[in-house]
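K.L.:
Numbering-wise (our numbering), the sequence shown opens with residue -18 and increments by one.
Since the hints were made in silico from the structure, they are not lab data. Every value quoted in this text rests on a predicted model; they were computed, and no experiment measured them. Hints may be right or wrong, so weigh each one.
With beta-carbon atoms standing in for the labels, derived distance ranges [as the list claims (entries may be wrong)]:
#: 1; residue 1: Ala317; residue 2: Val251; range: 55 to 63 angstroms
#: 2; residue 1: Val365; residue 2: Asp221; range: 28 to 36 angstroms
#: 3; residue 1: Pro262; residue 2: Ala203; range: 28 to 36 angstroms
#: 4; residue 1: Thr449; residue 2: Val365; range: 47 to 55 angstroms
#: 5; residue 1: Phe312; residue 2: Pro262; range: 48 to 56 angstroms
#: 6; residue 1: Val215; residue 2: Ala24; range: 47 to 55 angstroms
#: 7; residue 1: Thr144; residue 2: Ala255; range: 49 to 57 angstroms
#: 8; residue 1: Pro198; residue 2: Asp335; range: 45 to 53 angstroms
#: 9; residue 1: Gly453; residue 2: Val365; range: 33 to 41 angstroms
#: 10; residue 1: Gly453; residue 2: Ala261; range: 47 to 55 angstroms
#: 11; residue 1: Ala203; residue 2: Ala359; range: 31 to 39 angstroms
#: 12; residue 1: Leu362; residue 2: Ala255; range: 27 to 35 angstroms
#: 13; residue 1: Leu163; residue 2: Pro400; range: 41 to 49 angstroms
Cross-link-like lysine to any residue pairs, in silico, SDA-like; alpha carbons within 20 angstroms at most [stated by the list, open to error]:
#: 14; residue 1: Lys227; residue 2: Ala343
#: 15; residue 1: Lys227; residue 2: Ala360
#: 16; residue 1: Lys227; residue 2: Leu194
#: 17; residue 1: Lys227; residue 2: Val53
#: 18; residue 1: Lys227; residue 2: Gly270
#: 19; residue 1: Lys227; residue 2: Leu267
#: 20; residue 1: Lys227; residue 2: Asp216
#: 21; residue 1: Lys227; residue 2: Gly88
#: 22; residue 1: Lys227; residue 2: Thr17
#: 23; residue 1: Lys227; residue 2: Ala274
#: 24; residue 1: Lys227; residue 2: Ser178
#: 25; residue 1: Lys227; residue 2: Leu237
#: 26; residue 1: Lys227; residue 2: Val257
#: 27; residue 1: Lys227; residue 2: Pro238
Beta carbons: idealized from backbone N, C-alpha and C, even for Gly.
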Amino acid sequence: MTAAQREERTTFGAGASRPASLVVAMAVGAGLLIVTATGRAAAGVALMAATGVAVGVATLCRAREGPAWAAVGAALTPLLALGAMAGVALVAAGRGALESAAAGDVGAVIPATTLAVGVGLAAFGATGTLGDGIGEGAVRRVHRSALTTATVVGTAFGAILLTRFDALGALPVPTVDLGALLDPVLSPGGPTVSLVSFFVLVVAAALAGRAALSTLPITELAPRERREAVGRAVDRLDADLRAAVKYGVVAASASLPTVLPVVRETLPVVGLGALVAPTAPRAVLLGLGVVVAAVTLLGRLLQALTGSVAPALGRLLPATTGGVLVLLVAFGGGGAIRGLVGALPPTIRPVATDLLATLSPAGVVLGAVTVALGGLTAALLALVVCSGVGLLPTRGSSGTLAGAGLTLCAVVLGVGVAPVLATFALVGLGIVAWDTTDQGVAARADLGPRSAGRIEAVHAVGSVAVATAGVGVAWLALSVVETIGMADGVLVGAVAAVAGAVILLGVLRG
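Put together the whole structure using the sequences plus the hints.
P.N.:
So, in structure tokens, the structure goes:
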């Protein structure tokens, strides 16, 4: 594979021209203002938007080669993780989800978390339209930085837990039943859980298989006269596993609406769920995935141990900058940490005080950063997987992410009590962000960076017109829904806005 082909394969977010970036920024800014006005969590929305922008900046930094850029991206990683965790907490507190969760309704946190993720995703996508865009390689580097920082911080946190093992008895430790954790996977309780968990197992096993194929020296170990045939077989198997991941993700996503009664009455959901419910194939998939993942991890450890020392240190030292900074703050800022705990709201101050007395200030900081980095690592991994299986477009993906974030906010607010106009406006702005970026990338590729700006105004006007037409289609759909008296009309209207606008956009541009 040539260098140009590798670059084409690893880049999924080419940058738009500056007028297109400005239009996307204005669309996302207007959408976030609507979310702030209707979401009842202004501080959390602002913090999540700032965190999304910062994640985009860190990703653009990691798109550049060199140890200095790697050190900058790694140093930003723990701050991004803490900002995201604090933003989600503020959104949940502003919408009253924390009080509901404390009362036993843990599900109330899900809409608030989804809204916060949508805000961060929209800001991240808008930032990605700058420069040369966000590539899959840059996202992978940020993910590796987060994973390395989490390893450093998590190791230090584990050491603190071991040294203070006796004091941990003062904390209420819940009993963890591993069998109960695996019940939804091996013995699902309903057709929706059965379908979703089965396809998730298929995706996990296929991802483990692809990782093993790229890590293990299968072709090199084959006899010399059969290496070419083995290489072709490995390539075919990798392509099949890639398709399994892609269609598994699509099938799992398509299985989520089966929780609705109207879907269960229309489609044979119960029969399909019973078809994939047996424990035996699920146990085989789970065991196969675990074994293959363990073998892959062992292979990568062997590669790391047998490689050259100098290149390994050249990659390792910049990547551990964030973890080292967290350790310095944790072990050198005990007084400041105690002051921050004393300034917490009265509702959570007693819990934080108990943790401070049990784990020490350094332990509290390391534990919080470890949890935050775990969430950030999972989010980046999801983005890498979606791009790797082709669920993100090969061009203009930054605008797609921005539009998806705004649409996600629209759906969450549409389920609640947000005005219908605000819900539809968010969907329309998401379509503008997506279409403007796609047209800007195409113009830049065809005409060059200087000439592309001359036609961006026309494309922006066209995007706004298409979005307006799509919202009109949705408004008509909502009127029909209200006429027949169906419940949850706002949500149905928001979904119709997405579908109607996308279909109309495809017709107009086809």
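K.L.:
Starting from the range 33 to 41 angstroms, see whether the pair glycine 453 and valine 365 falls in it by beta-carbon distance.
P.N.:
37 angstroms, holds
K.L.:
Given the range 48 to 56 angstroms, decide if the beta-carbon distance of phenylalanine 312 to proline 262 lies inside it.
P.N.:
49 angstroms, holds
K.L.:
Would the pair lysine 227 and alanine 360 pass a check requiring their Cα atoms to be no farther apart than 20 angstroms?
P.N.:
Holds. Lysine 227 to alanine 360 sits at ~18 angstroms (cutoff 20 angstroms).
K.L.:
Are lysine 227 and glycine 88 close enough, with their CA atoms no more than 20 angstroms apart?
P.N.:
Violated: lysine 227 and glycine 88 sit about 28 angstroms apart, past 20 angstroms.
K.L.:
Need the status of pair lysine 227, alanine 274: alpha-carbon distance at most 20 angstroms?
P.N.:
Judged against 20 angstroms, a Cα distance of about 19 angstroms means the pair holds.
K.L.:
Decide if the proposed pair is consistent with the structure: lysine 227 and valine 257, CA atoms, cutoff 20 angstroms inclusive.
P.N.:
Holds. Lysine 227 to valine 257 sits at ~19 angstroms (cutoff 20 angstroms).
K.L.:
Does the Cβ-Cβ separation between proline 262 and alanine 203 fall within 28 to 36 angstroms?
P.N.:
For alanine 203 against proline 262, whose Cβ atoms are near 30 angstroms apart, the range 28 to 36 angstroms holds.
K.L.:
That 27 to 35 angstroms hint for leucine 362 and alanine 255 (C-beta), does it hold up?
P.N.:
32 angstroms, holds
K.L.:
Going straight from one Cα to the other, do lysine 227 and glycine 270 come out at no more than 20 angstroms?
P.N.:
It holds: about 17 angstroms lies between the C-alpha atoms, which stays within 20 angstroms.
K.L.:
For the hint 45 to 53 angstroms, verify it against the beta carbon of proline 198 and that of aspartate 335.
P.N.:
Given about 51 angstroms between the Cβ atoms, the range holds.
K.L.:
Between the beta carbons of threonine 449 and valine 365, is the distance compatible with 47 to 55 angstroms?
P.N.:
Given about 35 angstroms between the Cβ atoms, the range is violated.
K.L.:
When you take the CB atoms of leucine 163 and proline 400, is the distance between them in 41 to 49 angstroms?
P.N.:
43 angstroms, holds
Consistency note: the structure conflicts with the earlier hints numbered 2, 4, 14, 17, 21, 22.
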